[in-house]
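Residues per chain are reported as follows:
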Amino acid sequence: AQSVTQLDSQVPVFEEAPVELRCNYSSSVSVYLFWYVQYPNQGLQLLLKYLSGSTLVKGINGFEAEFNKSQTSFHLRKPSVHISDTAEYFCAVSDPTNAGKSTFGDGTTLTVKP
Amino acid sequence: EPEVTQTPSHQVTQMGQEVILRCVPISNHLYFYWYRQILGQKVEFLVSFYNNEISEKSEIFDDQFSVERPDGSNFTLKIRSTKLEDSAMYFCASRRQGFYEQYFGPGTRLTVT
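Same order as they appear, the protein sequences are chains A and B.
Going by the numbering used here, the letters in the first sequence line up with residues 28 to 141, in that order.
Going by the numbering used here, the letters in the second sequence line up with residues 382 to 494, in that order.
Worth flagging that the hints you see were computed from the coordinates, not collected in a lab.
We put the beta carbon where it would ideally sit given N, CA and C, even for glycine.
Some hints here could point you the wrong way.
The following label-pair restraints were derived from C-beta to C-beta distances [unchecked claim]:
(1) I441(B) / N95(A): 36 to 44 angstroms
(2) E43(A) / T457(B): 39 to 47 angstroms
(3) E91(A) / L465(B): 27 to 35 angstroms
(4) P451(B) / I87(A): 15 to 23 angstroms
Computed cross-link-like contacts, DSS-like style, restricted to lysine-lysine with a CA-CA straight-line distance of at most 27 angstroms [to be verified]:
(5) K464(B) / K423(B)
(6) K140(A) / K438(B)
(7) K459(B) / K423(B)
(8) K423(B) / K85(A)
(9) K459(B) / K438(B)
(10) K85(A) / K96(A)
(11) K438(B) / K423(B)
(12) K140(A) / K85(A)
(13) K96(A) / K423(B)
(14) K438(B) / K464(B)
(15) K96(A) / K76(A)
(16) K464(B) / K76(A)
(17) K459(B) / K76(A)
With the Cβ distance kept under 7 angstroms, some of the chain A side facing chain B (calculated, not the full set) [what the hints assert, rightly or not]:
(18) P45
(19) Y59
(20) P67
(21) L71
(22) L73
(23) S121
(24) K128
(25) D133
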């Protein structure tokens, strides 16, 4: 079984400030890790993914995340946020078996203030 | 760029009625999924489907739910007798064999009254 914990339910930040959204996971097997963004009344858009290789992954919209196996974390970062980054962010782990279902965290609401 | 599509975008139904939510996955994808998101809550896995059969389902996916791939392009979720607590956003997703990122559709908002 696998689970995902997003440590912050809400993160308010001022425009152009850096931000980190924290995600920890637990699994008895190796997993694949993802961050999705959901804008109001919209679907889920893939921001970035970690499957293997370099532990620092870069995604769209200037976001990046670092996989830390020893701490079972996959924190999302952006050095300078924009008002348009205001959204809900979900961390997810994917079962590497053939079924490949994803387990999502509770989400973090990022609010960027002017 | 190919994308997953879902219809309708919003469905309102009365308690006890049957609903069918439709999805068209990306054409060369072989794995299909349904997830739901109750308002303000996290996204929950319902079912995965591969090679014309269910490969995994959650405890949410009880006898009231069924999935089908009636032709080469559509993937449907049927709820036989809807309950108030079925009100949620339902997302379809698909992925290619050997690749683990899932592509999500825009969702169908189901409102049961």
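Numbers of the earlier hints that this structure fails to satisfy, in rising order
1, 3, 4, 6, 16, 17, 18, 20
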